[in-house]
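2 protein chains.
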Amino acid sequence: MPQKRFLLQESEIPTRWYNVQAEMPNKPLPPLHPGTHQPLKAEDLYPIFAEECSRQELNQTDAWIDIPEEVLDKYKSYRATPLVRAYDLEKALDTPAHIYFKNESTNPLGSHKVNSALAQAYYCKREGVKNVTTETGAGQWGAALAYAARTFGLEAAVYQVKISMQQKPYRSMMMRTFGATVEGSPSMSTRAGKDLITQNPAYSGSLGSAISEAIELATTTPDCKYTLGSVLSHVTLHQTIIGLEAEKQMQQAGEYPDTVIACFGGGSNFGGVAFPFMRHNFNDGRTTEFIAAEPESCPKLTRGEFRYDFGDESGYTPLLPMYTLGHNFHPANIHAGGLRYHGAGTIVSQLIKDRLMTAVDIPQTEAFRAALLFARTEGIIPAPESSHAIAATVREALKAKEAGQQKVILFNLSGHGLIDMTAYDAYLSGDLQDYKVSDTEIARNLQDVPQV
Amino acid sequence: MPQKRFLLQESEIPTRWYNVQAEMPNKPLPPLHPGTHQPLKAEDLYPIFAEECSRQELNQTDAWIDIPEEVLDKYKSYRATPLVRAYDLEKALDTPAHIYFKNESTNPLGSHKVNSALAQAYYCKREGVKNVTTETGAGQWGAALAYAARTFGLEAAVYQVKISMQQKPYRSMMMRTFGATVEGSPSMSTRAGKDLITQNPAYSGSLGSAISEAIELATTTPDCKYTLGSVLSHVTLHQTIIGLEAEKQMQQAGEYPDTVIACFGGGSNFGGVAFPFMRHNFNDGRTTEFIAAEPESCPKLTRGEFRYDFGDESGYTPLLPMYTLGHNFHPANIHAGGLRYHGAGTIVSQLIKDRLMTAVDIPQTEAFRAALLFARTEGIIPAPESSHAIAATVREALKAKEAGQQKVILFNLSGHGLIDMTAYDAYLSGDLQDYKVSDTEIARNLQDVPQV
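Protein sequence lines, in the order shown, are assigned to chains A and B.
Under the working numbering, think of the first position of the first sequence as 1, with each following residue one higher.
Under the working numbering, think of the first position of the second sequence as 1, with each following residue one higher.
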């Protein structure tokens, strides 16, 4: 019987994260101060983020960053995650492609998010912070941060996007089980939230709105720092543990990926699996293709513009050089709440601009069709977010079939969908729809992007 | 840093199940035909179960049974599960005990149940069966069977206990995602269900009632066999993969358990982890202690009687020699739906009778208190069922602390509780209560047990 799962012993878990900023051909442009439009220094971020995270954010020189021993110790509770060869999916697709997935859904929080949550909470703790706050789209990040905060003895307050609270009440309960407080966003507890509710009382929120509220809480509360689940470069840095493990595991399997695929919200799960392989494109002449799978309803990579824009809806963040749909873009209420974000991280934006990776947009029903196929072949019910990566993988595997190519595809299964069962129920009942964004809507929202 | 997780490579996964019936000092008494009261032969079970399962059920001679290659191949999608040293729980309890747990919650179905679901579905398939049916208490077994049936190309119909459908709607959705049909039990679709509803229209069901309905469907439908999630000896046989793996993993850790603990519903998760270690008590002079943790509200091992009784509420099954509260016993609506069963499997019943193992009963709130401690230390939200094992482990670890004993405790974390979040929500809100059964109620129900 051929081997299905490739495991690493604790001693083989990587002890450093990979910082792609140090090795990419063109570095990302600097974030700008929202008032002065001057390039930011790490110190400018200290009031918001842990100082170490602020320095990592702007570090364009060190390719390798040591994982602190305390974080590594916690990683060892659930890492390394398995690399799995999806034989049954291959068979169902009748494809000559070899499909591998990195199974980040095996950890007890249910997604990759905990990889950065532990790092951010640890740095906060080390720097004497007592409280952390954050936003969460699907609730995966919020649950991970709630656990990480508890682990390092911090209090956590989470703004969960309102529509996500309705779709995924179990995730709020998870956060409370770990001792965090949870509030629906937009809320009346911040000025940002009140303004949004005043403008549109029925607004069910987005990651952009929840970020505004969390930043406001962090900057107006003593001993409190803000933490973020994706988009920023230091978050992606922490996620590179995924790809670094996968690299060792692909070696065990005796293969190397021709294509690496991940779903795309802000970019941390994508960068996490892709950047460690991308370094061999930069340094060793490899020609692996990298595909980010975003939702059709929130198509910043495929249809957005490369502009300086705010990372949040209320304009509290620095201006980031990103592919964006405009910070006022209100994504449709798709079930993949973790992908409902208007912009892309600065590293991925630069890579797209430089054509070093590509992106595809996936309609919601195609994502769920692929998810159902995956569940019924591989036995794992994937998160709606991860299902976008599966759908893109199915497309590539079918292309390989047509071309008769024995291609090696690796995708990141960023999380499971057990908390998202109502979405599957809706899909099975035929109640899910696709949301294609009109050119007019994109153009209208891009008008709100500041001129820099 | 000390090692936390002990893993096995695919080549190290055991290839045989351990059949404790062949080696226990006193074999279980034979099941009796409900009409004639004569000892059953395997052929008598063929109309209900797969023939191979029927033979395994009564096999008291072969200590080792080969796992079919097709089943082993599917096991390799998620096995071996990790053995984990619970350092953070030990620290929180300030105990000198070394606490290990076998983490069956890492598989994508969420519990150990899939180990037997795959075996039973495979044997049905091999014997030309087209449809399988079953009951499910908490939904863990139903979800596992739905997946296993899909995997081997069978149609599955599941009777889910009504209260469980209300408490855990996501589990019904999981079953439907894998393509199974799901009905609440008692239902109007069987005579057994109609009778129960007629007697008590508000009755929210139990495992005993759902078993009656599934057996009735199996025996009245062409090409249809019944499958069971626990209680019977062949189900427990399939679960011994847990303990056999754990034995190898404890060797890696350089320790051997003084105490093995598992929660107890029908006995399959308990036997699965315990019997492989128990064989060394029988054969090699080991003196490991084995503790089954049952709910205070359904105390068959601690307060039931050893009698021949039916396995189901309507009296369709053979008479089994078991510790029982009476097949008409209606357990309280605790959240640990998988433990709401009136009787114990025949092997465990004999072992309790022979004082080769012990049992404790755990109040619901003590189980959730232990669960919360476990979640906040080890990061895993346990299933309400498994929480009973954790509570019993906490008791033992605190005893070890008092005695200053560096005891080695192993418990089976049979599943995660992500689908049971409403139970945690209720616990955190102070809405959960304990249900102590009165002596009168036990005596009254034991009057309905047939005289044999």
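Any given hint could turn out to be false.
Repeated chains share a single entry, so a pair holds when one copy, or any two copies, can fit it.
[Claimed, not checked] Under the rule of at most 27 angstroms between Cα atoms (straight-line distance), these lysine-lysine pairs were calculated in the DSS-like manner: (1) LYS76 / LYS407; (2) LYS125 / LYS194; (3) LYS76 / LYS248; (4) LYS27 / LYS76; (5) LYS399 / LYS353; (6) LYS353 / LYS194.
Worth flagging that the hints you see were computed from the coordinates, not collected in a lab.
Hints, one by one, checked against the model:
1. LYS76 / LYS407: Only across copies: LYS76 and LYS407 sit 24 angstroms apart there, 32 angstroms inside one copy, limit 27 angstroms.
2. LYS125 / LYS194: Intra 31 angstroms, inter 60 angstroms, cutoff 27 angstroms: neither.
3. LYS76 / LYS248: For LYS76 and LYS248, the Cα distance is within 27 angstroms both inside one copy (16 angstroms) and across copies (20 angstroms).
4. LYS27 / LYS76: Close neither inside one copy (32 angstroms) nor across copies (43 angstroms); limit 27 angstroms.
5. LYS399 / LYS353: within (25 angstroms within a copy, 63 angstroms between copies)
6. LYS353 / LYS194: The answer is neither: 37 angstroms in one copy and 66 angstroms across copies each exceed 27 angstroms.
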